[in-house]
Structure formats: structure tokens, C-alpha cells
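**Student:** The whole structure should be built from the sequences, with the hints applied where relevant.
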Amino acid sequence: MSPLRLFLLCSTVIAAAVMELIDTSIVNVALSHMSGNLGATLADTSWVITSYAIANIIIIPITSFLAARFGRRRYFIGSIILFTLASALCGTAGNIWTLVAFRFVQGLGGGALLSTSQTIVFEAFPPARRGVASALFGIGVFTGPTIGPTLGGYILDVSTWHWIFLVNVPIGIVVTIASFFLVKEPAVQVARNTLRMDWVGLFLLVVGVGALQVVLERGQEEDWFQTAYIMQMSVAAVVGIGAFIWWELTTEFPIVNLRVLKSRTLAVAAVLTFVTGAGLFTSVYLTPVFAQRLLHFPVLDTGLLLLPGAVLAIFCLMLTARALQGGVPIPVVVSLGFVLFFAFSWRMALLNGTAGKGDFYLPLIFRGAGLALLTVPLTALAVSGLALKDIAQGAALNNMMRQLGGSFGIAIVNTFLATQFAVHRQALVTHLTAGDLPVAERLAAGAQLVAVRLGQPVLEAQRRAYALLDAAVNQQAGIMSYNDAFLLVGCFFLAAMPLLLLVLKRKAGSGPVQVSLSDH
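Residue numbers (our numbering): 1 to 520.
These are calculated hints, taken from the structure and not from any lab test. Zero decoy hints are in this set.
FRET-style restraints, in silico, Cβ to Cβ:
id, residue 1, residue 2, range
1, Leu4, Ala88, 23 to 33 Å
2, Ile81, Arg264, 36 to 46 Å
3, Leu151, Phe225, 34 to 44 Å
4, Leu362, His296, 14 to 24 Å
5, Leu151, Ser11, 12 to 22 Å
6, Ala387, Leu151, 36 to 46 Å
7, Lys184, Leu261, 26 to 36 Å
8, Val238, Leu202, 15 to 25 Å
9, Ala228, Ala418, 17 to 27 Å
10, Gly36, Leu499, 37 to 47 Å
11, Leu4, Ala418, 45 to 55 Å
12, His296, Thr250, 52 to 62 Å
13, Val239, Val328, 41 to 51 Å
14, Gly326, Asp157, 41 to 51 Å
Glycine included, every Cβ here is placed at the ideal spot set by N, Cα and C.
**Tutor:** Right, dumping it as C-alpha cells:
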């Protein structure tokens with residue numbers, strides 16, 4: 001393949017993956033706008049995010065089978081068309097449940113793009129240069145969710161929420177046309193008439209993973225197991241996923257070939273990718289919410305906070321590929337990535353109510369560099385021990401683990417935030433008494449400010465002074481709970497590092513420890 005054609009092919013398929021990943025986070029900043037415009041509650045509007053995530057998680061693990069069944073080129077182009085059409089329908093939806101339905105369809109099209117794009121890029125490079133392929137795909141994996149809030153904030157600044165979806169249409173058309181000329185069928189193909197549709201496996205996957213995603217996305221808002229349908233969905237998730245795993249391991253023609261997880265490198269990479277996904281998506285979630293709700297940053301400024309780290313990450317991705325090609329062991333690179341992400345979490349845990357934009361840049365640079373150092377080696381590690389025919393399935397499972405990690409991570413930190421907020425608020429309130437001199441002085445100053453500026457009577461001024469003090473307590477408790485959440489995610493990364501020992505193999509004798517990329 002000529003260098004020009006390789007460049008165009010990679011640019012096209014990575015653009016498709018970036019579109020899908022941007023849409024996982026671009027909607028987050030627009031929920032309140034959608035809610036007001038469509039006359040829906042914020043709880044109902046959040047299903048716009050949930051429906052997309054459910055469709056993604058369902059479709060990602062079966063992309064390998066569907067690509068083989070329908071032909072990868074046809075399936076890839078068809079998925080782009082479906083994603084683009086659904087984006088247009090989302091942008092023109094007139095009520096909330098129509099939008100939710102179209103977002104589900106968009107997720108079915110988009111989820112197929114991620115793993116298929118990765119497989120196309122990976123197979124376009126010879127084995128010796130697949131580190132470069134991992135780096136190129138890693139750019140899309142990392143920058144998509146990161147620039148989503150920035151792009152969403154900019155669109156809301158200059159237009160309406162509809163263009164959050166409509167912006168995909170011209171890009172989708174260009175990518176579809178380019179894919180028609182550039183994407184070819186793989187050299188090694190499975191005879192389609194030998195591929196039987198595993199309807200039982202598909203049903204169990206939809207029930208189990210779909211129910212799990214509903215629990216993770218809606219559990220916190222619905223008070224978890226205090227709500228009947230969350231309890232029912234939890235049972236469905238446990239039974240469905242358990243039955244799915246058993247069926248896929250015993251049936252002759254599985255829709256998801258779980259047997260590829262016999263590869264130790266894929267199994268370890270999948271777990272570490274789960275952790276990385278949790279860090280990627282929770283940091284994209286926590287940082288904008290922390291900056292906007294507690295520090296009152298404008299939407300666009302909040303989005304721009306993530307850009308310096310994202311730009312640095314692109315360079316780190318390429319440097320990581322070079323380092324791996326130069327013989328630097330994967331565990332060394334991954335360990336450095338985990339440590340840098342912990343440094344980000346530690347620095348974010350130290351921020352307080354006086355933090356400005358400048359206080360975010362260094363920790364977010366740590367975040368960008370850390371995740372970049374993780375993306376390339378884990379992507380390469382996931383498929384390094386697989387036969388060529390299993391690469392697509394391995395990539396699909398690894399990508400599913402990233403998305404699941406994000407869902408679990410956000411669900412955990414949301415619950416943790418609510419718990420820690422109550423703990424910190426209680427601790428702060430117990431130290432506030434009317435007889436305490438600083439408290440009395442603050443209440444008197446607040447009452448005087450209200451009386452002078454608003455001309456309120458004494459009793460009303462005092463009531464408002466108490467309200468101001470309560471708001472200050474809530475803000476401080478909120479900041480402390482977010483500090484704790486950042487630190488929790490960082491500790492999660494440190495706890496996962498020992499798993500790297502499972503992909504180390506000591507050669508005979510007393511030689512140095514090296515990475516085993518061929519263990520099965």
C-alpha cells in the first residue's frame with residue numbers, strides 16, 4: 001500500500017472512530033439546554049446519554065461477527081451511514097423520547113465503528129510497525145471523549161443543541177464516500193455460509209449487558225436498590241451475563257468468541273483497559289462538573305481546560321509508539337502512565353474554592369500524558385498474542401472493556417460523591433454554632449450586606465445570611481467530596497499496577513525480566 005493511500009485510509013477510519021467517541025461525551029454539557037427546549041425533566045433527558053451507552057455496549061462485542069457475516073467493508077460503510085442518518089434524526093427530534101430512540105440507533109451505528117476502525121488500521125500496517133498503528137488509533141480513542149465537552153460547549157455558545165448532532169452529518173458523508181474508495185475486504189476472510197447466527201447468545205447479550213448498563217447509568221439517580229426496576233434490572237444483568245458467558249463458551253458458533261480470552265496478554269490488557277476507561281471517562285466527567293458547578297467556570301472555558309493536555313497527549317502517543325519499537329518494555333511504559341495519572345488525581349485532590357484556570361493545566365497535562373502512555377501499549381498488548389483471525393474479536397472485547405470501565409467508573413464516583421458530600425457536610429455543620437465568634441461575625445456581615453444592597457428588613461436579612469452560610473457549607477462540602485473522588489480514581493490506578501506482573505516472563509537462567517507477548 002502506498003504511503004498516500006495508507007495516510008488517507010487511516011485518516012478516514014480514525015475520523016469515523018473519533019465521531020463515535022466524541023458523541024459519548026459531547027451531549028453531557030447540553031442536557032439542561034435539551035431539557036428546557038424539549039420540555040422534559042433533567043432525569044428524562046439523561047436517557048439521551050444512557051440509550052447511546054446501552055447501544056454501544058451491546059454492539060461493540062459482536063462487531064467481529066457482524067463484520068465477518070456481512071463483509072467488513074459493507075458493514076463498516078453501512079454503520080457510518082446508519083450513524084450519520086441517526087445523527088440527522090437526533091438533530092431534528094421534536095420530543096425527548098424520539099431523541100432517546102434515535103440516540104439508541106446512533107449508538108448501534110457508532111459502536112460498530114470503534115472496533116472495526118481499529119482492526120482496519122491495525123491490519124494496514126506490517127507487524128513491525130503495529131506500534132505506530134496503535135498510536136494512531138490511540139489518538140482517536142483519547143481525543144474523542146476529551147474534546148467532546150469542548151466542542152459541545154463551543155456549539156452551545158454559537159448555536160443550539162441541535163448542532164451537537166447535526167455537525168456529524170457533513171463529516172459522516174465525507175467519511176462514507178472516502179471509505180467507499182479506500183476500505184477493502186481483509187485478505188483473510190471466513191466463509192460467510194459457515195457463520196450461523198447465534199440468536200440465543202445475542203438475546204442473552206442484549207438482556208444482560210443492556211440491563212447492566214441501565215443499572216450503572218441510572219442507579220445513583222434512582223437510589224440504587226431502593227427502586228424496584230433497578231433491582232429487577234440488576235437481577236436481569238446477573239442472570240443474563242452469567243448465562244451469556246456459559247452459552248458462548250459451550251456453543252459451537254458463538255456470536256462473541258470469548259475463547260480468545262485464553263490469551264493471557266488479552267485478558268490482562270482487558271482488565272487494565274477497563275481501569276484506563278474508568279480513568280478516561282471519569283476524569284472527563286468530574287473535571288468539567290467540578291469546574292462549572294463548584295468554581296462557576298463558563299461552559300466554553302471549562303471545555304478549553306482539557307485542550308493543553310489533549311494536544312500533549314497526541315505527541316506522547318507517537319513517542320510511546322517509538323519507545324515500544326525501540327525495545328522499551330511495555331510494563332515500564334504502562335507503569336509510568338499509571339503513575340502520571342495518579343499524579344493528576346493527587347493534584348486535583350488538592351484544589352480548593354480559590355482555584356483558577358491556571359491551577360488545572362499542570363494536573364490535566366499529567367492526565368493527558370498518563371493516558372497517552374497507557375493507550376498505545378495496552379492496545380498493542382491486547383492483540384499481540386492473537387492469531388490474525390482473532391484480532392478483530394480481541395479488539396472488540398478490549399474496546400468493550402474500555403466503555404464498561406467508563407460506565408462503572410462514573411457510577412461508582414457518583415455514588416461516592418453523594419456519600420462523601422453528606423459526610424463532609426455533617427462534619428462542617430457540627431463545627432458551626434451560633435455562639436462561635438467567626439460564625440457570628442460572618443452571619444452579621446452577611447445580614448448587613450443583604451440589608452444594605454437589597455434594602456431588606458432585619459429578619460429577612462438574617463434569614464438570607466443563614467442561606468448564604470448554608471450555600472458556603474454546601475460548596476465546601478462539594479469541593480471536598482470531589483477531591484476525594486479524584487483521589488479514589490487515582491488509587492484505583494495504583495491498585496491495578498501489580499497485574500502487569502502477569503505479562504512478565506523470566507527467561508531460563510537469571511536473565512532480565514521481559515515482556516511476554518505470546519503467552520496464550
